[in-house]
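Number of protein chains: 2
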Amino acid sequence: MKISFIGSGNVATQLALALQKIGGVKIHQIISRDKGHAKNLAMQVKADHNHELSRLKPNFDLLILAVNDDAIADILTQTPLPDNKIICHTAGSVASTVFKDMSRKYGVIYPLQTISKNKTTVWKSLPILITASDDSTEKRLTQLVKHLTRATHVITDEQRFALHVAAVFACNFSNAMMQISQKLCAENNIDFDLLKPLTQETFEKAERMGPRNAQTGPAKRGDQSVINKHLEFLKDHDLEKNLYRDLSAYIQQTYRS
Amino acid sequence: MKISFIGSGNVATQLALALQKIGGVKIHQIISRDKGHAKNLAMQVKADHNHELSRLKPNFDLLILAVNDDAIADILTQTPLPDNKIICHTAGSVASTVFKDMSRKYGVIYPLQTISKNKTTVWKSLPILITASDDSTEKRLTQLVKHLTRATHVITDEQRFALHVAAVFACNFSNAMMQISQKLCAENNIDFDLLKPLTQETFEKAERMGPRNAQTGPAKRGDQSVINKHLEFLKDHDLEKNLYRDLSAYIQQTYRS
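So the protein sequences, as listed, match chains L and S. Positions in the first sequence are counted from 1; adding 4 to them yields my numbering. Positions in the second sequence are counted from 1; adding 4 to them yields my numbering.
Next comes chain L alone, as it looks inside the complex (with noise of 0.2 Å):
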């Protein structure tokens, strides 16, 4: 099977060197803007390599578009596409059907990591979720990425869009309550560290009892005298005043109903 990726971000770059090790797999070209980086990415995975989308080869199998969500539909406009080849894109927030007017069988493959460039991605358990046009294509996708990781997934596109706006709470949003807490520790010339077991026991309770079940602090129990006397802490920093009241009566709302 010979891939072809556009793209030579984090996604492209841990992908390729994965797909690569499969027996039967060959990475064909890398196309990025980025000359440098297109050609670092080739090297590694022994691959020809180009610049502009016009020179894209059309004879590979499967060509994945591991790019910005938003750069998707602009670099269809721009390359030309055999038929009767399996297109994928491996974004959270762009629906499969974006390639339905220039192919038939198309897909996405997207694995829910935050994935780095320079940090190997540990594919053996990390959830890997396929849509695809049609059961063939489906089938071919699925088979292709068992090699990387036992956790393949099939979802619509409504449920990949769901789970990346779940994704972003979970990850993004509880990593900036951390930064929060960490700004506040620095204000007041205390060692965020700390905190390393307090935290470390929030996200294994979490893990253990879900969060649901794991829910505790003032605005859990409704100790609206220890909410207030905090708000007033806050009152220099309006935006984390403003979070805190939010989400305290986002936490108080949840356990009346």
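In short, the hints are calculated from the structure, not lab data. Any given hint could turn out to be false.
Identical copies carry no separate label here, and so any pair may be met within one copy or between two of them.
[As the list claims (entries may be wrong)] Restricting the straight-line Cα-Cα distance to at most 20 Å, the calculated cross-link-like pairs of lysine-lysine (PhoX-like) are:
id, residue 1, residue 2
1, LYS61, LYS6
2, LYS187, LYS224
3, LYS209, LYS187
4, LYS239, LYS121
5, LYS43, LYS6
6, LYS239, LYS30
7, LYS121, LYS224
8, LYS43, LYS109
9, LYS123, LYS200
10, LYS50, LYS6
11, LYS109, LYS61
12, LYS109, LYS50
13, LYS200, LYS128
14, LYS123, LYS245
15, LYS123, LYS209
16, LYS104, LYS224
17, LYS50, LYS128
18, LYS150, LYS200
19, LYS121, LYS209
20, LYS128, LYS209
21, LYS123, LYS239
22, LYS89, LYS128
Fit chain S to the supplied structure of chain L, relying on the hints for placement.
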């Protein structure tokens, strides 16, 4: 050292169980309005118990008020306190000076962890933060808790308060984010366990690199088109939509400045 407790909840239970194992320490009396809880804990630590504050025996060396932050001031008005004994509480949001009109020696023993009655606390490296009225009290409290953990620290009332707010963000609010994620998965028929590798990596990355450096996602990238699509997805979830918008704005603002 004779130690008495007012309170029989999560912190009182785990602290009494741990302190009684120290050589030379005797848990003297447990006072709690809930007769059954008082008796139950007293039996476990071989102490007397009572449910009336007026029955506090005066011959203790250290009295620990391990009750809700709100209840401390109230309890003090009803309790006859002998002078020259050390009085402590365990609350994050109450200054040690709450005791200053009734004792010359007072302080705070604040364990920075979410503690449950029914789950044995692992004290070994759990931060315990000490505040004290004077050097000799500070020394006695520090010596005592050093038997429990190697992570004892002396901090001011102001620092403990800031730490308490920081802990709400890092623990309670990050858990609330995972709770929203869990809810969105349930509504869209997605197994929440799919997100486990992602939340695990999120937490480990924040610990390894610090949350400021670990931030990822559409808001961090300034990807407004994905943010808008996510907000559209949440259009029937007013609360979650507002949180999504405000948290994204917060992250964007943080990386702009």
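A quick look at each hint next to the structure:
no.	hint	in the structure
1	LYS61 <-> LYS6	within (11 Å within a copy, 82 Å between copies)
2	LYS187 <-> LYS224	between (24 Å within a copy, 17 Å between copies)
3	LYS209 <-> LYS187	between (24 Å within a copy, 17 Å between copies)
4	LYS239 <-> LYS121	neither (41 Å within a copy, 34 Å between copies)
5	LYS43 <-> LYS6	within (18 Å within a copy, 73 Å between copies)
6	LYS239 <-> LYS30	neither (59 Å within a copy, 44 Å between copies)
7	LYS121 <-> LYS224	between (40 Å within a copy, 17 Å between copies)
8	LYS43 <-> LYS109	neither (29 Å within a copy, 70 Å between copies)
9	LYS123 <-> LYS200	between (23 Å within a copy, 19 Å between copies)
10	LYS50 <-> LYS6	within (12 Å within a copy, 74 Å between copies)
11	LYS109 <-> LYS61	within (18 Å within a copy, 81 Å between copies)
12	LYS109 <-> LYS50	neither (26 Å within a copy, 73 Å between copies)
13	LYS200 <-> LYS128	between (27 Å within a copy, 14 Å between copies)
14	LYS123 <-> LYS245	neither (36 Å within a copy, 33 Å between copies)
15	LYS123 <-> LYS209	between (27 Å within a copy, 11 Å between copies)
16	LYS104 <-> LYS224	neither (47 Å within a copy, 31 Å between copies)
17	LYS50 <-> LYS128	neither (23 Å within a copy, 51 Å between copies)
18	LYS150 <-> LYS200	between (36 Å within a copy, 19 Å between copies)
19	LYS121 <-> LYS209	between (31 Å within a copy, 15 Å between copies)
20	LYS128 <-> LYS209	between (24 Å within a copy, 19 Å between copies)
21	LYS123 <-> LYS239	neither (40 Å within a copy, 36 Å between copies)
22	LYS89 <-> LYS128	neither (27 Å within a copy, 59 Å between copies)
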